[in-house]
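Asker: The primary structure of each chain is shown beneath.
Protein chains: 2
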Amino acid sequence: MSEAAARAWVDARRDDVLRTLTEYASIPSVSTDPAYAEGIAKAADFLVELLTKSGLEHASVQPTAGHPVVTADWLHAPGQPTLLIYGHYDVQPPDPLEKWHSPPFTPAIRDGRLYARGVSDDKGPVMVAITAIAALLATSGRLPVNLKFLLEGEEEMGSAHLGPFVEAHAAELAADFVLSADGAGWRADLPTVTVASRGLCALEVTVHGAAKDLHSGRHGGSVGNPIQALARLLASLHRDNGAVAVAGFYDRVRTLSNSARAEIAALPFDEAAYLASVGALPGSGEAGWSLLERNWIRPTLEFNGISGGYAGAGGKTVIPASANAKISCRLVPHQDPHEILGLIASHLTAHCPPGVTLDIHRHAGVSQPYAIAEDHRGLVLAQQILQELHGKKVLPVRMGATIPIGEMFARCLGIDTVFFSFATSDEDYHAPNEFFRLSSLWDGIGAWIAYLSRVGEAWR
Amino acid sequence: MSEAAARAWVDARRDDVLRTLTEYASIPSVSTDPAYAEGIAKAADFLVELLTKSGLEHASVQPTAGHPVVTADWLHAPGQPTLLIYGHYDVQPPDPLEKWHSPPFTPAIRDGRLYARGVSDDKGPVMVAITAIAALLATSGRLPVNLKFLLEGEEEMGSAHLGPFVEAHAAELAADFVLSADGAGWRADLPTVTVASRGLCALEVTVHGAAKDLHSGRHGGSVGNPIQALARLLASLHRDNGAVAVAGFYDRVRTLSNSARAEIAALPFDEAAYLASVGALPGSGEAGWSLLERNWIRPTLEFNGISGGYAGAGGKTVIPASANAKISCRLVPHQDPHEILGLIASHLTAHCPPGVTLDIHRHAGVSQPYAIAEDHRGLVLAQQILQELHGKKVLPVRMGATIPIGEMFARCLGIDTVFFSFATSDEDYHAPNEFFRLSSLWDGIGAWIAYLSRVGEAWR
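The listed protein sequences derive, respectively, from chains A and B. Mind the numbering: the first sequence is residues 634 to 1093 in this note's numbering, read in order. Mind the numbering: the second sequence is residues 634 to 1093 in this note's numbering, read in order.
Be a bit skeptical, because a hint or two may be false.
Straight-line alpha carbon distances no greater than 25 Å define the calculated PhoX-like cross-link-like pairs of lysine-lysine that follow [what the hints assert, rightly or not]:
(1) B/732 <-> A/845
(2) B/686 <-> B/675
(3) B/845 <-> A/732
None of these hints come from the bench; they were simulated from the model.
Sequences are here, hints too, so could you generate the full structure?
Answerer: Here's what the structure looks like:
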């Protein structure tokens, strides 16, 4: 009956919950850009207040070597399992700003969706978890399980300082497994649980030509053009068939068994419909693999940004002094992010054309690929609750994206991570007009109430 | 004696002259960017007032299909030749703004140089011409020659509407030759006269992938990356030896005779010192040609700007929806700008990778290459006056840059153009911290006084 009471408590307070999420999502907590430092601090403080108000104990902001983490706990259920709840309060940069229909940090509701930067990734899903706990505590005066909270501020920049923090606080953070409010579901129309995610590493390369921008007539033909050199360098990183051309890149990649590939091929997935949904054309990517295979089980090398010279309206006859490209890779099991960065850096250095010089900057945040056993009891419970909610079979799937915490918690605490986020992958969370479905907010709170109420029995 | 009187008149008014130039250079008359429309209008009005105050007649702003031209005349020297004085009042865009040591439209004097956007190209040199005329009129009450002024506002965007204006006003603009206040000297340390300039054409290409920016994990491997496609496209435009790879690009280029190449090789020019002066390395450009040849007699295809995806601090794991490159070519005699644009567009279309689409936008302003006979009497006079000023032989040289007006005046009015600008090519006029030497201002005014005083006799 406590599940029903907690759900009723939430239903009577939907306006309050939505107002709180709106306030939270209005904080510009962009982690990658130092200009948003104030937003990061404000979001952490906001969470401490919210966790405390919700009935969690010892809520506090704790320093790391980067942006701080927010922790809290409730540990008064002896004999019951202990869950470490993970989420993050940082968000992606909002640009290109001109493409937003409403300002990124002024949350707006349209057609049953709340629009704001970070509302799907990960502020909405974290609100789901906290609200479920608040409801259980308010209606029962206690929780059926022990909880610890760990909410970080560097997920969008690779969680570089979370691992050292968890290692240093391993005893305090000890738990039976991690329940993550991050890690969006594969599709809005098909409930799934995630069993694997790709790793990530990133670097940027700057090509330097002359000491300053030069007139393209006066100097054209005389000096190296950094954009020309950069284009040649970037073009050298892929083969004509779309495969990555960096020597050694695939050396540690293990080919999936035919049966595992057959399972992926059997999933209900319409490549043409997917491409149409994102407005893309077929024909790109590594030849010889299906679209889902390219996204789930094959590593990629992507260009995330390029800049150099004049980018304003009209033209400017200039040879720029430099040009820059941002590069990132998604990695599959057994690839090592640091090794891959080294291979790419060597490739770039070896292919640098004459007349220019290179600066290569490896980004600090890397993450390993991750996988969980499909019979993990916490995962099976998540699957059951989603099946109840949606009234259909919930499939285990891999994901193309990276959730660095899976591998990190396994390494630092020796425990698995169950992803139980109510964001879905179509919510534009790394693009303009990010949104979170209000239906996911209410469904998610109900599902978390059910999960926390039943996990004690499931774990037994 | 009138030359000396005019020079003395200027020497007594140096502060006034400098104040006027400072006021003129503070007007942000950027032609390529519509955001500066007010600056364009203000600069034209400023010139009308200055020309009138200097004693020129009929000064007025006249509309074209683009930015207006400023015209004026003084036609009271019967039996004397008529010169059409050309210059421009528009300037290059000032960005990257953060690289300026003082704001681009707040002129500042440091070390005998006036720093401001447009002060070398072409506001300082136009002030030289107007001040010389004002001095002659103030001291003699008349001019030894007939003058017409034509100052345009679209030189930095290719002078697309100047030709039609000149064609439509051919009778009013009729003259013996054009004396241009635009067209910077080759080097500050070596006085020269310019006998040839390269043509110009430009286009930009935008590569479109998905309809919006996408998360590089969720979608990486599934959709085309516009930066990857653009890099491959741009890399395909040059061969490994630095030559342009566009089919037909060199078809109309005539190879210079061995003796003409030997003349260029005999010029006092230190490749290593030049490269050091602009902070560039050797090894770039088309193999098989000297640096001066690559700059003067060989066509180029240069990348002037590239943009796409995330360009802020740190990283952003995004696959951008599009990427853009701005491309321009410098052309040598017999190449046709429109034909070259067509060849490049065909090449890009033919090389477009699967999974993306292209938008190709040809910039309207193109210009033909130009050359003047080395025994043109107006050119020989310019050479003599520069030899007097510098006390050494003044060499005829070609230039890598483009002055579209040479070919245009030949075609529309049937007359040649003598370039007599006192800007020099090291004055960063398409880069941050553009400057004009104050010594060039005073030397130039004196030289223009001499030129206008003697051209009647030279032309006879």
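Asker: Confirm or reject each hint.
Answerer: Hints, verified against the model:
1. This hinted pair checks out: residue 732 of chain B and residue 845 of chain A have alpha carbons roughly 9 Å apart, not beyond 25 Å.
2. Between residue 686 of chain B and residue 675 of chain B the alpha-carbon distance is near 17 Å, which keeps this suggested pair within the 25 Å criterion.
3. The straight-line distance between the Cα atoms of residue 845 of chain B and residue 732 of chain A is roughly 9 Å, inside the 25 Å bound, and the hint therefore holds.
When held up to the earlier numbered hints, the structure conflicts with none and fits them all.
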